[in-house]
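Trainee: Generate the whole structure from the sequences, applying the supplied hints.
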Amino acid sequence: MIFDRDFNDLTEEDIKLLNSYFDGYDYESSTHTFLANYIWRNTHDLTWQVIGDYLCIAGLGTLETEEKEYFMSFPLTNSGSYDAEKVREVIEEARQIFAKKGQAFELSLVPGSLVPALKDVFGDAVETEHTRDDDDYIYLKDDLIKLSGRKYHQKKNHLNYFLRNYSFTYEEATVDMVPEIMAYIRSKNEYKLGETPEEWKEILELETIAIEELLKFVGRGLLTGIIRIDGRIEAVTLGEFAKTNSKETVLVHVEKADDRVRGLYQAINNEFCKRLPAETVYVNREEDMGMENLRQTKLSYKPVKMAEKYTATFK
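Here our numbering runs 35 ahead of the position in the sequence shown, where the first position is 1.
Fair warning: there could be bad hints in the mix.
Using 27 Å as the maximum straight-line C-alpha spacing, the simulated DSS-like pairs for lysine-lysine come out as follows [to be verified]:
#1 K333 <-> K186
#2 K350 <-> K121
#3 K223 <-> K309
#4 K340 <-> K282
#5 K154 <-> K186
#6 K121 <-> K154
#7 K236 <-> K333
#8 K121 <-> K51
#9 K190 <-> K333
#10 K236 <-> K103
#11 K337 <-> K278
#12 K278 <-> K103
#13 K121 <-> K135
Here are the computed distance ranges between Cβ atoms for each label pair [as the list claims (entries may be wrong)]:
#14 K251 <-> M36: 19 to 29 Å
#15 L95 <-> M217: 22 to 32 Å
#16 M326 <-> S148: 44 to 54 Å
#17 G266 <-> T348: 46 to 56 Å
#18 I244 <-> S116: 30 to 40 Å
#19 G184 <-> E104: 39 to 49 Å
#20 H188 <-> R263: 23 to 33 Å
Hints in this document: simulated from the structure, not taken from any laboratory.
Ideal Cβ placement from N, Cα and C applies to all residues, glycine included.
Mentor: Next comes the structure, spelled out in structure tokens:
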């Protein structure tokens, strides 16, 4: 535990405070929301502390290694802007906290838009590296709904096949459905584990824990979509608005479907996006984690932009 507070036993005032920072700047990052931190709080040993005017969050980085290596996110502002000298002071204080805990200091998941500010503050004393595996894929909602043009020809064909050949219902999740949704997630994992490389199996299991945590927010702001075929859940999407005070961008944290049903993945994505508010412009479908199949799938939906992420180390 690096900082003073973890994400357990939070009061409503704590959550309000945290959201003021998550909403305080356009980070274009799927990791910069309360929910994104809450659902991974135990897996990544996430802790937080307000230092000066900024929120600092620390957590475990790579889960595959036995040695615990912590990182800190770029300090979050609640004012919509950054003060260079204050950022320097906050990072220096955080470095001292890490040192007292016997931990090397590194910033991770730094939004690309903030790298110039970091270099302005620290100059040659900081080295940044683009971590492509962490980049978020951001799409236009209308592109995902219309699937227009040659670039979406194959997607549209798969979707049309599904619509022609399957009778289905689409609905939003209710609290009563949560056990059924988790049963679906676990049953899907049973056959996916047989196709998953050994090094990713633990991550799939940890993801299942995170999904169970996420489902605690059904009926409390979580965006949900479910497709049933013959009454059975066959696809699920779970997401949220990137900010509590704006509906411009939606984050899709979870999308699960039976990939043995042609067009089902295209259908759950399309149906979910069609029901988003008119104010929603962008859909952030998160990173690919370096998984080549996932990368190709995300690229095939033609992102309008990539939200780059960086690590930063200090001399």
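Trainee: All the hints need checking, so say for each whether the structure fits it.
Mentor: Each hint tested on the structure:
1. K333 <-> K186: holds, 13 Å
2. K350 <-> K121: Status holds; Cα separation ~19 Å.
3. K223 <-> K309: OK: K223 and K309 at ~25 Å, within 27 Å.
4. K340 <-> K282: holds, 18 Å
5. K154 <-> K186: Violated, at roughly 38 Å.
6. K121 <-> K154: holds, 14 Å
7. K236 <-> K333: holds, 21 Å
8. K121 <-> K51: Given that 27 Å is the threshold and the Cα spacing comes to 23 Å, the pair holds.
9. K190 <-> K333: holds, 12 Å
10. K236 <-> K103: Holds - the C-alpha atoms of K103 and K236 are around 20 Å apart, at most 27 Å.
11. K337 <-> K278: holds, 24 Å
12. K278 <-> K103: Violated, because 31 Å separates the two Cα atoms, which is more than 27 Å.
13. K121 <-> K135: The hint holds at about 21 Å.
14. K251 <-> M36: 19 to 29 Å: holds, 23 Å
15. L95 <-> M217: 22 to 32 Å: holds, 25 Å
16. M326 <-> S148: 44 to 54 Å: Since M326 and S148 have Cβ atoms about 25 Å apart, the given range 44 to 54 Å is violated.
17. G266 <-> T348: 46 to 56 Å: holds, 53 Å
18. I244 <-> S116: 30 to 40 Å: With Cβ atoms ~36 Å apart, the hint holds.
19. G184 <-> E104: 39 to 49 Å: 44 Å Cβ-Cβ, so the 39 to 49 Å window holds.
20. H188 <-> R263: 23 to 33 Å: Cβ of H188 to Cβ of R263: about 28 Å, so the range 23 to 33 Å holds.
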